[in-house]
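Enquirer: Chains A, B, C and D supply the protein sequences, listed in that same order. As numbered in numbering that gives the first Met the number 0, residues 0 to 383 make up the first sequence, in order. As numbered in numbering that gives the first Met the number 0, residues 0 to 383 make up the second sequence, in order. As numbered in numbering that gives the first Met the number 0, residues 0 to 383 make up the third sequence, in order. As numbered in numbering that gives the first Met the number 0, residues 0 to 383 make up the fourth sequence, in order.
There's no promise every hint is true.
A pair counts as met if it fits within one copy or between any two copies, since identical chains are not told apart.
Claimed, not checked - Below, computed lysine-lysine pairings styled on DSSO-like, alpha-carbon distance capped at 27 Å:
id : residue 1 : residue 2
1  : K338      : K270
2  : K372      : K93
3  : K372      : K270
4  : K55       : K162
5  : K63       : K4
6  : K197      : K372
7  : K93       : K336
8  : K353      : K270
9  : K197      : K93
10 : K344      : K365
11 : K93       : K63
12 : K93       : K55
13 : K197      : K270
14 : K23       : K327
15 : K197      : K338
16 : K2        : K63
17 : K93       : K353
18 : K93       : K23
19 : K336      : K365
Bear in mind the hints are in silico, worked out from the structure with no lab data behind them.
Protein chains: 4
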Amino acid sequence: MSKRKICVVVTARPSYSRVKTALKAINEHPNLELQLVVAGSALLGRYGNAVDVIEKDGFTISEKVFMVLEGENKTAMAKTTGLGVMELANVFYKLQPDAVITIADRFETIATSIAAAYQNIPLVHLQGGEVTGNIDEKVRHANTKLADIHFVSTDDAKERVIKMGENPDFVINTGCPSIDLADEVLQHPDLDFDPIEKYGGVGSSLNWKEGYIVVMQHPVTTEYKEARNDVTKTLEAVHELNIPTFWFWPNVDAGSDGTSSGIRSFRERIKPQNIHFFKNMEPDDFLRLLINSQCLIGNSSVGIRECSYLGVPVVNIGTRQNRRERGKNVMDVTYDKQKIAGAIKERIASKREKEQIYGNGTSGEKIADQLSKIELNFHKTIMY
Amino acid sequence: MSKRKICVVVTARPSYSRVKTALKAINEHPNLELQLVVAGSALLGRYGNAVDVIEKDGFTISEKVFMVLEGENKTAMAKTTGLGVMELANVFYKLQPDAVITIADRFETIATSIAAAYQNIPLVHLQGGEVTGNIDEKVRHANTKLADIHFVSTDDAKERVIKMGENPDFVINTGCPSIDLADEVLQHPDLDFDPIEKYGGVGSSLNWKEGYIVVMQHPVTTEYKEARNDVTKTLEAVHELNIPTFWFWPNVDAGSDGTSSGIRSFRERIKPQNIHFFKNMEPDDFLRLLINSQCLIGNSSVGIRECSYLGVPVVNIGTRQNRRERGKNVMDVTYDKQKIAGAIKERIASKREKEQIYGNGTSGEKIADQLSKIELNFHKTIMY
Amino acid sequence: MSKRKICVVVTARPSYSRVKTALKAINEHPNLELQLVVAGSALLGRYGNAVDVIEKDGFTISEKVFMVLEGENKTAMAKTTGLGVMELANVFYKLQPDAVITIADRFETIATSIAAAYQNIPLVHLQGGEVTGNIDEKVRHANTKLADIHFVSTDDAKERVIKMGENPDFVINTGCPSIDLADEVLQHPDLDFDPIEKYGGVGSSLNWKEGYIVVMQHPVTTEYKEARNDVTKTLEAVHELNIPTFWFWPNVDAGSDGTSSGIRSFRERIKPQNIHFFKNMEPDDFLRLLINSQCLIGNSSVGIRECSYLGVPVVNIGTRQNRRERGKNVMDVTYDKQKIAGAIKERIASKREKEQIYGNGTSGEKIADQLSKIELNFHKTIMY
Amino acid sequence: MSKRKICVVVTARPSYSRVKTALKAINEHPNLELQLVVAGSALLGRYGNAVDVIEKDGFTISEKVFMVLEGENKTAMAKTTGLGVMELANVFYKLQPDAVITIADRFETIATSIAAAYQNIPLVHLQGGEVTGNIDEKVRHANTKLADIHFVSTDDAKERVIKMGENPDFVINTGCPSIDLADEVLQHPDLDFDPIEKYGGVGSSLNWKEGYIVVMQHPVTTEYKEARNDVTKTLEAVHELNIPTFWFWPNVDAGSDGTSSGIRSFRERIKPQNIHFFKNMEPDDFLRLLINSQCLIGNSSVGIRECSYLGVPVVNIGTRQNRRERGKNVMDVTYDKQKIAGAIKERIASKREKEQIYGNGTSGEKIADQLSKIELNFHKTIMY
């Protein structure tokens, strides 16, 4: 029997981290062949060059798809998506996969879904059924309605996808592969490298060995004009606390330059002595950095998913993760300097607790196993 | 108070017919301004030049969007959609509408949805919540998940959209505007023109005054290779029955040329004396033609919607209208010459009955009224 | 030493015919590797499906590029070209050829030139330096200025390219490969097949064995509104003469549907008994058909190139071939029914003479030979 | 008589500076109507937001065209051009100008040329006929072959365009409008503002009042991998000389991020105390800055054109301006730290001389005058 060709489209740095163990499990499965497509901001230097990490991790890339249109606004975001549909239609036509995997809810993931569904290629959606509350929400559920098979991360998500009318036989809680990596790293949690030495970055050199915090704050798409103001609040809070801080640049998004320019402007004006900035980090190094940190601040989904499994305290700012299932490790605050500073102090002092909301560390294998045996269709109808 | 700008994107001849009365009601509403965008196959001669009809009907067209990529295959269909997103993103950026309306479930309607939703423009979806069972099904429900407001056509559809997690406050059964036109035409049902004289077309001149049938058969996207065979069955059945027949060319779709070439080939080989072919007809003339016909044959949704209201007998062939709510006027058959011929005879002999499944003739006004007063948001979250 | 990878982009049926022997010679050359890209209308059924002929001829196709935007107008022509640049940029990035070949002067050939030149791939232009006098003229000379190497077809053309400032070391008169095929067919000139039996087509069956003429008339881009009128003149003249006629549909172009619809309309109205219509024919069959015909009518460049070598009489209508070097076999007329009819009669009665203006039948080999040894650069500067 | 509609497409910051007086003259001419299209990097923050300057200068913008694809490589450059063709085709279709103006030789200017020429709109090319020697060279001459009318800047350029086969009646030496602005600024040459106070920027605050130099170095497209090394040589030379320096970021180009990251890296490593960095400056402020500077360093064409008129000493580095006509003010050097430093010292000490190679300060008016009366055609043929 010939191997099933499974095409996965990775469009951004965080998406890669999130599916890495699934990619590995597909690659190693005797009945599966991985066709890895790297696209969008995952190819671009100013969003962390995920492509280099992917190649260093030993994956063979089948196709690279440049599709990000410059414009720093929502029109460019839409046009990037349209361009993505056109380019990915070509790619799938050429690769002729047996199934295509689209990941979660970034705006451009719907390009993968359309290019596959319209060419009658069975579409698998990862991490559907979750709830947030911005443009991601629309994208995620539209992906669900375009997809034939759903590998979800939690029991709640499973129930929600079924409620939306999907066939329960094709909705499977595999857990989130991001937890696999967290689980793996948790076996060897020591910070065995010097972050600044290994990753360079810009900003102050820090005395981080006595304790540090990590910040990762993305623009919230539907509010991109405020992105600059929002990030400034966090910068001010972190600067005031004067705790050594590793800060990660945001990935591409309509407001990217709002957030980025907020950071750049703050650096020029204030020259904060306690913050060092990174563009990117290999996923396992990043998780190790989190495990050994006192707190993660910002609005990354890492705070919700991985950190609950790892037991890392999180200050979650703003609406970006609204309604997502979260553990006891998370404290939510608004864009307010004092509240952010207060929450960081509270969280640093809190007791650490680990939870298994988003999986138990075997998600990649479960996904590969399902892909090798599940019935592949591209014809579905709503269940009610 | 300034008028609300309502942008409607019409991408095909049948879509126009379906929303014409809503366009008119929006145009005439004191608090609304219509921004009409004509796109895709609605601009092309070989799909009936809907644009000419639209202009003749007195509408002002704000923008024309050429986006159909040639290719006669599914890859071209996907790329057309991607191109549509890019072009419509420009259009909405320029027009800055207060709301965008996307219609039903043709593959390219998702381009309208993405271009609007990604630019934070409130999106209204017409005719969601219905069920068919091919690629349209995926597109329709994905449109639902991208849309903020839903004007549905039946009670069943309303219930289904709500079940999918949409906020009931924004799901309104307005009926289908296609029924308005049917209702209007029903006031003056006489066939007051000679179809061949008025519309030309090709093929035999017919003795239609003693009774005739109408055929409209579209390719079924996910089976496009069979399109040629499928249409040949209908051609053979209709040719054998030897009843005067008005046949309408299919509109653009991946298999368009399958169906079209099937028809062309049959014409060349058989030179059927009882069939006359039209490219297009003005909507009210078309409805009048149906009212006075003995039967409609094919797989058009007109058979399901308008014909149930008009009480016109229908032979519905194949899977294209699967699971759509239908009245007593419809008989379903498979692609089989004898079954088709038998069903036509049975239907011609049947008793006519009118039903109000898809509305009562006031849908256009209801839509305009709702658009003038409903809260316009672009931020939603699933209800469960 | 590794083989030089030579990427040739074929975008239309006539372009293929014109370079076929060069493709063959490249394919068979020990130091060259052919990368054949088939694009644009060469992939489309309604323009003759050149791709099928190419595959039947035994060539391996490296990439297929769908890029024709529907629209039947000049805007669509421009957008098709833009789309072509985007798609071909991907293709060349992937194939990494040592040189790219762009052919002649069709509007979309500049897409090949840009996609290659902008990626620093040495660009070879075939058939530069000729003169016509419409949009082709602009495209052809712009291709010259983007190209690094020029394989021209005549001494005049060579002189002209050099005059435009190109380096004489890189301007080589190879003759036109279309003449190679003409030369080859001329060895076995008998019409050894029944055209209608072999190629089908539509229209009357003809008594062609006692003598026939051939028509091939393309729309002239910058006058596309008149395309329908223009072709009607030829149809009327040919119909009046009542000589058995093989008529070839035009290939894609802005006015395509003007010409095509003119033909379709004439067929419906007049039902000409002496005309049979073909979509396409294999190149050698087509040449054999010409050799055995009494005259070629229309505006195809075949009349100018191949027919002068074959000694076939030609009535050249209108401006499309203006200023192109021509032999004694050609008579030029305007779009006038009587003048066309008169010229056909005159030409049929004329004495046949063969000339070698566009080469001597070894062009394909000369091109392959040059490609194997010429210096490949992408950096040039004007010579004065 | 209705006004002639003249559509000018500005795609980058330096292009705007170069044509500003022509735009003004068109705008004010009684028989002309300006349709200003701002596109490409002229719209983007990280290339200096030319659009803001344009609006501040009082021009009304007819259309904005986002077309820059991210990718930091030559494939993206080609695809940006393709996208530009598609978008500009729409724009010209909508604006229906009587003539379109394309400027000089940036890679994306050919998009303007194609979109106009293919839609039969008379195309005017500014600054053709010059010679440099990289991809610009190909683009510039291809623009010439697509254009119907040529407004050139020097007598040499005029002769060269005619030699390429253009009709001398349509080749007019208007001079370069950039000289108009230089001429105007020369009337009031004092530096009446504090650059850092007015424009912000980043880097050291400088003691510039006792004398300063200006640097503007762009990546050279066909050598983009070396961009980072090249710029570092200049940075080192300038750093060593320790003269107060105003440095301008490069505009978008394939190697942009090579040059930009070279600068960023140097700043982080060396923290040069004598350099202040600007993104952009209003054109007249920039010229005033040059007039009062001791020397301009880099590879900008401003050094060749405006500075010869202004008599500002220039150190021109590398091949970017190769073969362009230059005055006595320019000294050419290679990418070599010591040679650059030496040349800067030599130039600072040199005697200033003004020359009128590129015009006498009335170019904008000449262009507008010609546009109001010259015959507008889109049909041309080569003159030999």
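Enquirer: With reference to the structure, classify each hint as holding or not holding.
Expert: Hints and how they fare:
For the homomeric pair K338 and K270, the shortest alpha-carbon distance inside one copy (23 Å) is at most 27 Å, but the shortest distance between copies (36 Å) is not. Taking the shortest alpha-carbon separations for K372 and K93, only the intra-copy value of 24 Å comes in at or below 27 Å, while the best inter-copy value is 33 Å. Neither within a single protomer nor between protomers do K372 and K270 lie at most 27 Å apart by alpha-carbon distance, with minima of 56 Å and 51 Å respectively. Proximity of K55 and K162 under a CA criterion of 27 Å is satisfied in neither setting, with 41 Å inside one chain copy and 46 Å between copies.
For a Cα distance limit of 27 Å, the shortest separation of K63 from K4 qualifies both inside one copy, at 17 Å, and across copies, at 21 Å. Taking identical chains as interchangeable, the C-alpha atoms of K197 and K372 are never at most 27 Å apart, the minima being 42 Å within one chain and 48 Å between chains. Taking the shortest alpha-carbon separations for K93 and K336, neither the intra-copy value of 51 Å nor the inter-copy value of 37 Å comes in at or below 27 Å. Taking CA atoms no more than 27 Å apart as the test, K353 paired with K270 passes in neither setting, with 36 Å inside one copy and 45 Å between copies.
When the C-alpha separation of K197 and K93 is checked against a cutoff of 27 Å, the pair qualifies neither within a copy, at 39 Å, nor between copies, at 33 Å. When the C-alpha separation of K344 and K365 is checked against a cutoff of 27 Å, the pair qualifies neither within a copy, at 39 Å, nor between copies, at 56 Å. Within a single copy, K93 and K63 get their C-alpha atoms as close as 13 Å, and across copies as close as 9 Å, so both meet the 27 Å cut-off. Taking the shortest alpha-carbon separations for K93 and K55, both the intra-copy value of 25 Å and the inter-copy value of 21 Å come in at or below 27 Å.
When the C-alpha separation of K197 and K270 is checked against a cutoff of 27 Å, the pair qualifies both within a copy, at 23 Å, and between copies, at 21 Å. For the homomeric pair K23 and K327, neither the shortest alpha-carbon distance inside one copy (31 Å) nor that between copies (55 Å) is at most 27 Å. Taking the closest pair of Cα atoms, K197 and K338 never come within 27 Å of each other, the shortest separation being 33 Å inside a single copy and 36 Å across copies. Within a single copy, K2 and K63 get their C-alpha atoms as close as 23 Å, and across copies as close as 26 Å, so both meet the 27 Å cut-off.
Proximity of K93 to K353 under the C-alpha cut-off of 27 Å is found in neither arrangement, the shortest distances being 45 Å within a copy and 47 Å between copies. In this assembly of identical chains, the alpha carbons of K93 and K23 lie at most 27 Å apart whether taken from the same copy (23 Å) or from different copies (25 Å). Taking the closest pair of Cα atoms, K336 and K365 never come within 27 Å of each other, the shortest separation being 43 Å inside a single copy and 48 Å across copies.
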